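Colleague: Letter by letter, the chains look like this.
Protein chains: 2
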Amino acid sequence: MILDKVSMPCDLKNLSIDEMKKLAAEMRELIIKKVNVTGGHMAPNLGIVEATIAMHYVFNSPVDKFVFDVSHQCYPHKILTGRKDGFIKEENYLKYTGYTAPQESEHDLFTIGHTSTSVSLATGVAKARDLKGEKANVIALIGDGSLTGGEALEGLNNAACLGSNMIIVVNDNDMSIAENYGGIYDNLKLLRDTDGKADCNFFKSIGFDYIFVKDGNNVEKLIEVFEKVKDINHPVVVHICTLKGCGLKVAEENKEKFHWILPGTLDDEKIERTNDEGYEALTCNYILEKAKQDPTVIAVNAATPGVFGFSKEFRNELGKQYTDVGIAEEHATAYVSALAKQGAKPIFAVMSSFVQRTYDQLSQDLCLNNSPATILVYWGGISGADCTHLCVFDIPLISNIPNIVYLAPTCKEEYLAMLDWSVNQTICPVAIRVPSNELVSTGVEDKTDYSILNKYELVEKGEKVAILGLGTFFGLAKKVKEELSSKLGIKATLINPKFITGIDKELLDNLKKDHDVVITLEDGVLDGGFGEKIARFYGPSSMKVLNYGAKKEFTDRVPLEELYERYHLTKELITADISKLI
Amino acid sequence: MILDKVSMPCDLKNLSIDEMKKLAAEMRELIIKKVNVTGGHMAPNLGIVEATIAMHYVFNSPVDKFVFDVSHQCYPHKILTGRKDGFIKEENYLKYTGYTAPQESEHDLFTIGHTSTSVSLATGVAKARDLKGEKANVIALIGDGSLTGGEALEGLNNAACLGSNMIIVVNDNDMSIAENYGGIYDNLKLLRDTDGKADCNFFKSIGFDYIFVKDGNNVEKLIEVFEKVKDINHPVVVHICTLKGCGLKVAEENKEKFHWILPGTLDDEKIERTNDEGYEALTCNYILEKAKQDPTVIAVNAATPGVFGFSKEFRNELGKQYTDVGIAEEHATAYVSALAKQGAKPIFAVMSSFVQRTYDQLSQDLCLNNSPATILVYWGGISGADCTHLCVFDIPLISNIPNIVYLAPTCKEEYLAMLDWSVNQTICPVAIRVPSNELVSTGVEDKTDYSILNKYELVEKGEKVAILGLGTFFGLAKKVKEELSSKLGIKATLINPKFITGIDKELLDNLKKDHDVVITLEDGVLDGGFGEKIARFYGPSSMKVLNYGAKKEFTDRVPLEELYERYHLTKELITADISKLI
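Residue numbers (this note's numbering), protein chains in the order written: chain A, 235 to 816; chain B, 235 to 816.
Be careful, since some hints might not be right.
For identical chains, the list gives no copy identity; a pair is met inside one copy or between any two copies.
[Said to hold, decoys possible] No more than 27 Å apart at the CA atoms, straight line, and that leaves these computed lysine-lysine pairs for DSSO-like:
#1 K247 to K646
#2 K721 to K695
#3 K366 to K554
#4 K431 to K554
#5 K747 to K698
Source of the hints: derived by calculation from the structure; they are not laboratory data.
All figures in this text were calculated on a predicted structure; none of them were measured in a lab.
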């Protein structure tokens, strides 16, 4: 094994080209085996093996600085920077994160998991180098899919003026997570078709020097080009064409499916992330049905259709009533605002973690214009996710903007009723926090008129203690109610708030008569969230309020049960807290 | 006067070219006179007069749809769409807003004041047209300065694939608010220098058809080109070169100064927005001094240097220790994060309203990486501003993100101490809410060690009622204290919290001993803000809490005094509220 001799970048320096080719094959084997066991980003890492070897062969990390984009293609880099143990033995498979992580290695500059950031960050790294009077190469790696994100484009525009060394490696595998969408991609195709010789060149038009590498999986060719640009005195784009999923036939042929896989996908062809029984399937069925009835219904997403179960069949069936804007959440928000303002019925599906990328457009383009678009926020809630993909900040982000109504359904029937109301209404922007837990069904159609805003549902009237269980935490609220009954003999009141964005003053005022304590449960960060608004409401009264939710912190792959303990999100801990107050 | 015959777009249709030229001169005169009285955007509006006439001559608004960017260049459009009265008589000068406003006219599609939104919005307008099976031209107007904003670039990439009619008029006056920065501008210059014939063309590289108009202030030429692209069946960029400030010599020669002016600027040359006595000057002096001592200190802003008093002299003196990234707040945040992470000392100045454009970069690029950059947030506070430029949302936006320390100084000495601490520390990201009120000085140097986080200052110990006066509202807190003393005979406790992002548990717990009521005062929206955290803290206790700040709403040019009444932000109203509780 060549890999036996290679632990750190310096170990590469004496290898022959043939040895590096063998090394690439060995690394690929490790990645395939590991990712198939743990799940994770498969195809992006397979495509970038040779480029990573060549980068570490030519440059001297960490003196030379590598900045990865999304960093879901950093597995080969981790293998070559002292962390191969995390890919060799199964017991170490979870030792390292799936993204770059400075706490793991000095070769990782940033903790990154969102897209389109590498060029901006690398520009700052290069400028710091210049201010400090140091010498080093700064290398930003960015995939073609990430190029359409506003931050990347802002970064490219500024990087071009840096006036000193910066090497931007554009890893062009002709794919985003799904297909690429956008005018830039026609230019990338033109460049591929002309071996980079076309006069009309996106990168040159922004002011970059430019080098094209046809075979980005050829380590020899890559080394030759990297040697050429090493110590360059101005910004240059090295456009390398790679094969996403390279070396794993099934991934090469199913790039979207193998972008990120569940454990065991290679062993069982049937493993798919779509869940026919969950809220994703419900949503898809609703949209397809509604789109047939109304030609102005349009589903929109920003480059992650798989997250929402928007399969190829779904996308094809919708045809012109579907837009994937590419990685471009800001544009997506403005786009659906304008669609709604002009009388169409747009439904924008977005992950909680990625809705963060478009605060100002939510505020200015959407809410200030009071455009009746529907935004479906997926995966909102406390989880054991990586620190880069936490989904606990969407409530403070969205719910403190005027005009928008943010809804938290607790079951299938409520969700469908809210969705249908939202799509048909023309009053205001509506966001719905699609439940991230398993589908709950009451079996009873929800006939609530959601145009009566901020009306909470009094599910069961009790006394002394009232429990407001928001969205996915309504189930926990029910459990707390039972626990209070069995442990403290309290028949508590159970409330389903439904509206994250408003206060049901009448209902809350009524509670003052025969309640001493109100508790709020929300599946997200407490700071700026729902519970604090209830605390503010009761501030001038003698009602005691306990808010439950996540602490304001970035957690990193902490098991969910541990977080629930930490945040007192169990019926036992909550009941114990309440017992101290009454 | 030609203008006597012209009230609506249809009135243009029978004018001769000569008459339109006269009309342009008349409109220009109105705009110059009006803006000199009211203040506002001067140069952008003067540059676009002919293009606006030509657009309304050729197209049929509101069937054809005009989407303006920033919309600070919509005055000629307002004059031609039934609103010339607002520009003729001085008593009507404030009748219409300075931005497009659908409530004023069906010719205005969106309420817009932030930049780089027009292409995205127009793409949605065009798509809605297509879904509805209608026919109409959709015309987006965007300035060269706005092109670098991420949302514009995301929008262009998607617009290029629309597959149907869309006309993007790029109004290139070779200026942003200040000079343009970024690689794109070299390409625009190349296109201007080659009459649009250069092979390397930014717009073509994204997939647009392209037409160049050398003299964008020639109404005849513009009409010819607009006639040509009218009813086009695919997206096209019409790149027009205009003169910013056209027709007003002093504005043509001082484009930055005349981008937006104060009332009376034409009558008194000395009128400048910089205030030698205020926080802007303090900041500039601090930065210049610090930068001399330390070559890694770097000031960064995104295209609005004038707001911070970053004059040409200031910028020149800093030289390489200054970066204007152009309109690119997302990039700016990532850039300063990387600078700080690499050991430099970046200071990023940004307006409260525009920091909204970079939530995710604050969260992911900056705070998740705990980069010790300094962010100065200007103009934060309740004001009588346009609904598009409210500065009340920065506290919920910033303070609910983990790791960042958001500080609220109440006077000059505190501000300088906080700024100096922030620039020198290497622990975490720090934002400082630069006071937006007049400079207050205690005359006593602040020697607080701000590395002891979340320590509030107990300014004066009293009993029964404690007043937490945050930042600019500390003055109001003092007044409330006096009022409580004189009206209710209560010697209240006065607290300067300083830290927006944290709770001083010890101090707040101590208040429980001899206080019944805590009131919080913050110069921003209550929802998700500082006061709610205090309400949450005291939720389980018997302390009564009253939160004062702005209601969650978009206000539009409402006089400040009226807002203060509405929100009970006067010593009398607050004292009356408190009297009901004790």
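Colleague: Each of the hints needs a verdict: does it hold here or not?
Modeller: Against the structure, the hints:
Proximity of K247 to K646 under the C-alpha cut-off of 27 Å is found in neither arrangement, the shortest distances being 58 Å within a copy and 56 Å between copies. In this assembly of identical chains, the alpha carbons of K721 and K695 lie at most 27 Å apart only when taken from the same copy (19 Å versus 43 Å across copies). For the homomeric pair K366 and K554, the shortest alpha-carbon distance between copies (12 Å) is at most 27 Å, but the shortest distance inside one copy (53 Å) is not. Within a single copy, K431 and K554 get their C-alpha atoms no closer than 34 Å, and across copies no closer than 35 Å, so neither meets the 27 Å cut-off.
In this assembly of identical chains, K747 and K698 lie within 27 Å of each other by CA distance both inside one copy and across copies; the values are 9 Å within and 26 Å between.
Hint compliance for this structure: hints 1 and 4 are broken, all remaining hints hold.
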